[in-house]
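One line per chain: the protein sequences are U, A and W, in this order.
Numbered as in the numbering used here, the first sequence ends at 181 without a single skipped number.
Numbered as in the numbering used here, the second sequence ends at 523 without a single skipped number.
Numbered as in the numbering used here, the third sequence ends at 1011 without a single skipped number.
Treat the hints with care, as some may be off.
[What the hints assert, rightly or not] From the structure, some residues in chain W lie toward chain U, with a derived Cβ separation under 10 Å:
1) Asn794
2) Met801
3) Gly802
4) Ser885
5) Val888
6) Leu889
7) Asn891
8) Ser897
9) Ala955
10) Val966
11) Val967
[Said to hold, decoys possible] Subject to a maximum C-alpha distance of 30 Å in a straight line, what follows is the list of computed DSS-like cross-link-like pairs (lysine-lysine):
12) A:Lys107 with W:Lys830
13) A:Lys418 with W:Lys841
14) A:Lys123 with W:Lys830
15) A:Lys284 with A:Lys516
16) A:Lys107 with A:Lys158
17) A:Lys418 with W:Lys857
18) A:Lys284 with A:Lys108
19) A:Lys108 with W:Lys830
20) A:Lys517 with A:Lys418
21) W:Lys841 with W:Lys857
In case anyone wonders, no lab produced these hints; they're calculated from the structure.
Glycine included, C-beta positions come from ideal geometry on N, C-alpha and C.
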Amino acid sequence: MRKSFITGIALVLVLAAGWTAFSGQDSQYLERLDNWAFESPRRPGAVFSHDDHIMDLDDDCSICHHVYEDGKLVPGESSEDYYCSDCHGLKPAPDNSMPLEAAYHKLCRDCHFDEGQGPVLCGECHIKE
Amino acid sequence: MQSQDNTMTDPSNETKQAEKAKQKATDPAIEAGLERLTPERIKKTINQVLEKETGPRFKAYVETCMRCGLCAEACSYFLSNDRDPRFMPAAKVKNTIWEMLVKKGEVSRDFLREAVRISHLECNVCKRCAMYCPFGIDIAYMMLLVRRICHKLEITPQYIQDTVNSHSVTLNQMWVKDDEWIDTLQWQEEDAREEFEDLQIPLDKMGADIMYSVIAPEPKFQAGLIYQTAAMMHAAGIDWTMPSTPGWDNSNMAMYTGDNEISGRIAKAFFETAAKLRVKRIVMGECGHAFRSVYDMGNRWNSWVMPPFEVVHALAFYHELLTEGRITIAEKYKKKVTLHDPCNVSRGRGLHDKAREVVNMVCEDFVDMVPNREHNFCCGAGGGVINCGPPYKGERMVNNRNKAEQLAATGAEVLIAPCHNCHSGLEDIIQHYDLKMEIKFLGDLMYETMEKKIYKPGA
Amino acid sequence: MNSFIAFIMGPMVWISAIIFLGGLLFKFIGIIQSVRSKEPYVFSYLTVKHSLRSIGAWLIPFFPKSTRLSPVYYGISYVFHIFLFVIPLFLASHIVLFNEAFQISWPALNDGVADWLSLAVIAALVFFAIRRQMVPEVKYLTSGSDYLLIFLVALPFITGYLAYHQWFAYRWMVVAHVLSGELMLIMIPFSRFSHMLTAPLTRAYMGSEFGNVRHARDW
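Starting from the given sequences, assemble the full structure and let the hints guide the process.
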């Protein structure tokens, strides 16, 4: 029973490796986000295609470049002239309920989960350099 | 030992012979008992014990053991048999009660023959392994469960079963008759009076400070020990008594065969005897298993968390006599002595440090054996093993090699063994391995070295 | 696929955590009730003082004699158990996820350090497996389930290690990592992994018997 279990696991891993190898859907517009705003980042900046997102989101910049006032989303307002870190501080504080790291993670990953597509696991964005 | 090679060779040689001895040692009680068994009875009995007589404790032991093997180092049988895995504590469990549990009681006669051997002859229930298991799993408890099952299947080895039969009929271990008991005490009193005028062994003295109790082998063939104690009691001016009626014997072999009903009866009769005499406390001779019976196990069967009387083992009593100055040592014992810590009073009651103090007060030259105190190796005889009788002596000696090596390494001339079972077993070891050691009870040395003053009331 | 990942990293985490903690709690209550009804004498002897004395003595490295007789196995075992808890609890990636879910955070291990510690855990498990083959008395006791337990513990560490390095099949490696971690949590109450609960209990009882009745040490 133990042997078949181990064999099963091995088989799954091999298949998975193969599937990943041939299912590359890399965009030609990939760029790595600059993570200068973080003091001592543990991971390399996320890999990301701005162009693909513009297309997929029908030029609605405000979906990502949002504006919140008093904790409420202001519809129609967008903030592409600002850095994310202008609003999102590094450390959680009473006036900073969404620190920078969590802001990025939630913005990207939650949308990818909701849309059922796009990377959601750590290493899928923070690809090793 | 002079030789660099510290491994002891069995002079009469050897493992092969022991194997032969094993094959020959067919026990008529076991064989006849196995003949009577039907698969239904085996299954029913095992499941009854496992379901009704065990509970979460056994379950936790089975579920917790991670098979790490650390218990192996604890066991004299494992160490004496060239680290044969079959002798490690966990293996004994695996080959007995785990198998019974897994097969839901559907085991064969051959399996049971092996289970009797393992539980009765290859484990002294000394609980050393409980100290070596990181989880404190009590393997001795499980071996006693196996013995309980064997008892209910009536396949207990013949000799030890006979002692239980004696307990059942006479309330003593060796078929000592009521008048024989009183005669023996009077005979010892008479002899002692030649040395100490007015010495008495007071029988049934109501309200005495101390009831002194012994095991049946003392009146049967070691009456001199009673003499020695009487001499100490006299010299120390103790208000003591011994019971003339059944209940005087504190030994309890039924405790080791899993005959819990008789075991409980023995302990109950013992405490009732003390209660009838309205004594303040009970002092007992140098016996380990008897101490376990009345201090640890017999009381529990009778629903006392702790014994209803203060039970004082001889070691603690000697300590008291010496430190209170009731007995003074005339001249210390000269020979080089070593001390064997019996499991039931050391690991069983922590008397090892007091024992050392006594030995140092009585003897000039004391050398410890290694390991010692709670970690001392078992004598190999206790837990009912020696009581399974002469047919098994050959293999017992093979299983005691480790103890022989430990004794030899001390270089002592005299071995003090303050427990009857240990004493008998160690005597066999000394003889078999030709160790050139004398063996004594601590009481022997107390008596030999003490100021033999004659007690005068008020003086 | 994303919804599957969302499930195993969301509700499934809750399910396995509840089975793990609830299972252990249920087991503990079961033991206590069973002791009450079948073996109430256990409570007559159990004392807090002697239980803690015994458990404490066995937590001090190389203090019990038994542990000094098998120093290599014991030493590796000791460190293994510490790492087994420290690595997952103080791994930066885990803390980030925890923080995003509950807004609670605590200091994390340096990733490089955690990486080496994981290797150490895997090495310890390999050692345990080899020891089961090499040491006769351990081999005698060993059965398939012992290797299965080793494998179950090894799996989250191996997959976690490989996933961190992103060498191949990253997505599948993380999925395997999450699932094997959850499997291990779920298995704890139902396997001998439950010694994380029962071992302190058996130790406490033996420690109480030794300390309270026997007036002797059990280490």
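**Message:** Between the alpha carbons of A:Lys123 and W:Lys830, is the straight-line distance 30 Å or under?
**Reply:** With a Cα-Cα distance of about 12 Å, the restraint between A:Lys123 and W:Lys830 holds, given a limit of 30 Å.
**Asked** Taking 30 Å as the top limit, are the C-alpha atoms of A:Lys284 and A:Lys516 close enough?
**Response** This hinted pair holds, its Cα atoms lying about 26 Å apart.
**Asked** Do the numbers back the hint for W:Asn891, that is, is its least Cβ distance to chain U under 10 Å?
**Response** holds (7 Å)
**Message:** Just to be careful: measuring from the Cβ of W:Asn794 to every Cβ in chain U, is the smallest value less than 10 Å?
**Reply:** Holds. Min distance 5 Å.
**Message:** Next pair to validate is A:Lys517 with A:Lys418; report whether the Cα-Cα distance is within 30 Å.
**Reply:** It holds: about 24 Å lies between the C-alpha atoms, which stays within 30 Å.
**Prompt:** Are W:Lys841 and W:Lys857 close enough, with their CA atoms no more than 30 Å apart?
**Reply:** With Cα atoms ~21 Å apart, W:Lys841 and W:Lys857 stay inside 30 Å; holds.
**Hint status (Cβ of W:Val967 to nearest Cβ of chain U, threshold 10 Å)** = holds (8 Å)
**Request:** Answer holds if the nearest beta-carbon of chain U is closer than 10 Å to that of W:Val966; otherwise answer violated.
**Result:** Since chain U brings a Cβ to about 5 Å from W:Val966, closer than 10 Å, the hint holds.
**Message:** Interface hint check: W:Met801, Cβ to nearest Cβ on chain U, cutoff 10 Å. Holds or violated?
**Reply:** Since chain U brings a Cβ to about 8 Å from W:Met801, closer than 10 Å, the hint holds.
**Prompt:** Minimum Cβ distance from W:Val888 to chain U below 10 Å?
**Reply:** holds (7 Å)
**Item:** Pair hint outcome, A:Lys107 versus A:Lys158 [Cα-Cα no greater than 30 Å]
**Value:** Holds, because 18 Å separates the two Cα atoms, which is no more than 30 Å.
**Prompt:** Against chain U, with CB atoms and a cut of 10 Å, does the hint on W:Gly802 hold up?
**Reply:** Cβ of W:Gly802 sits 9 Å from chain U, so the hint holds.
Hint 18 alone, counting from the list given before, is not met by this structure.
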